[in-house]
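Novice: Residue numbers for the sequence shown follow full-length UniProt numbering, so the first one is 1 and each next one is one higher.
By construction, these hints were calculated from the structure, which means they are not laboratory data.
None of the values given here were measured: they were computed from a predicted structure.
Where a beta carbon is used, it is the ideal one built from N, C-alpha and C, also for glycine.
Some hints here could point you the wrong way.
[As the list claims (entries may be wrong)] List of simulated lysine-lysine pairs, DSSO-like, C-alpha gap at most 27 Å:
(1) 267 / 237
(2) 120 / 46
(3) 131 / 120
[To be verified] Pair ranges (Cβ atoms, derived):
(4) 55 / 93: 13 to 23 Å
(5) 182 / 54: 33 to 43 Å
(6) 267 / 125: 18 to 28 Å
(7) 181 / 237: 18 to 28 Å
(8) 162 / 54: 19 to 29 Å
(9) 94 / 54: 15 to 25 Å
(10) 267 / 207: 16 to 26 Å
(11) 150 / 128: 15 to 25 Å
(12) 164 / 99: 27 to 37 Å
(13) 199 / 91: 23 to 33 Å
(14) 52 / 207: 35 to 45 Å
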Amino acid sequence: MHAKKENLPASILASIRNRKKRLDPAYTETRPRSAGTLIASYNVHKCVGTDRRFDPERTSRVIHEIGADVIALQEADTRFGERTGILDLGRLERETGLIPVPVAGMAKAHGWHGNVVLFKKGLVHDVHQVKLPGLEPRGALVAEIELEEGGVLRVIAAHFGLLRHNRAQQARTLVELINNRHEMPTILLGDLNEWRLGDRSSLNTFQSAFGELPPAVPSFPAGLPLLALDRIIANRKGIISEVEAHDTPLARTASDHLPIKALVNLKQAGR
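Construct the complete structure from the given sequences, taking the supplied hints into account.
Specialist: As structure tokens, then:
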């Protein structure tokens with residue numbers, strides 16, 4: 001007999017099989033946190049949950065639950081007009097210590113084209129706003145942050161479009177940006193909206209700047225994640241731990257995306 005061919009990638013099948021273990025509260029509560037800077041990415045879906053309720057307080061509780069030192073949010077502002085921010089950043093800072101990196105020229109918005117980068121401790125050396133090409137209003141926020149544990153990390157927080165050819169253009173724009181700036185440890189994270197894997201994926205464009213991409217981690221839809229729309233990738237080997245979804249009862253309801261997270265340790269940086 002021939003072995004049955006699996007239609008889904010092995011990483012996605014493994015995620016589905018291991019989900020019951022991850023959903024066990026004892027599994028989450030007893031796992032010790034390793035040393036390093038916890039980074040995360042979260043498409044908050046304008047604070048509208050899978051129950052269709054607009055609930056910024058619930059979104060903030062998920063952010064608190066993650067406990068990240070640096071977190072990139074997508075869809076944290078209204079989409080059109082003045083792009084008004086929809087989270088209570090003052091309360092978020094009081095409860096989590098997270099503050100947004102400064103963004104120029106945005107009076108009422110939290111970030112840039114819905115992208116927000118928040119951090120707990122450290123110094124921001126540079127912030128750069130990038131308008132990404134495409135039919136939809138998409139952007140990226142680039143911040144260079146001196147971490148409390150030492151070293152400077154470039155964070156590129158992005159939200160790609162829904163059209164494949166636009167995603168390819170957007171990936172090329174970010175690769176050109178990286179190549180034109182001084183070399184340093186760099187993390188790209190965000191909702192890259194790419195569900196294709198292998199040769200068909202527009203994310204292959206990043207291999208010239210980031211090398212081989214890490215395995216896909218399903219994060220969408222939140223109720224039963226099958227697609228790895230959200231990504232965390234690094235330009236140096238060894239500086240990020242295994243990327244995983246933050247899969248909790250609250251996170252499964254607060255947005256249609258699960259947050260993803262990883263630990264950064266610049267002392268492990270390789271080339």
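Novice: Hint by hint, note whether the structure agrees.
Specialist: Hint check:
no. : hint                  : in the structure
1   : 267 / 237             : holds (11 Å)
2   : 120 / 46              : holds (22 Å)
3   : 131 / 120             : holds (26 Å)
4   : 55 / 93: 13 to 23 Å   : holds (19 Å)
5   : 182 / 54: 33 to 43 Å  : holds (42 Å)
6   : 267 / 125: 18 to 28 Å : holds (20 Å)
7   : 181 / 237: 18 to 28 Å : holds (20 Å)
8   : 162 / 54: 19 to 29 Å  : holds (22 Å)
9   : 94 / 54: 15 to 25 Å   : holds (22 Å)
10  : 267 / 207: 16 to 26 Å : holds (25 Å)
11  : 150 / 128: 15 to 25 Å : holds (23 Å)
12  : 164 / 99: 27 to 37 Å  : holds (36 Å)
13  : 199 / 91: 23 to 33 Å  : violated (46 Å)
14  : 52 / 207: 35 to 45 Å  : holds (38 Å)
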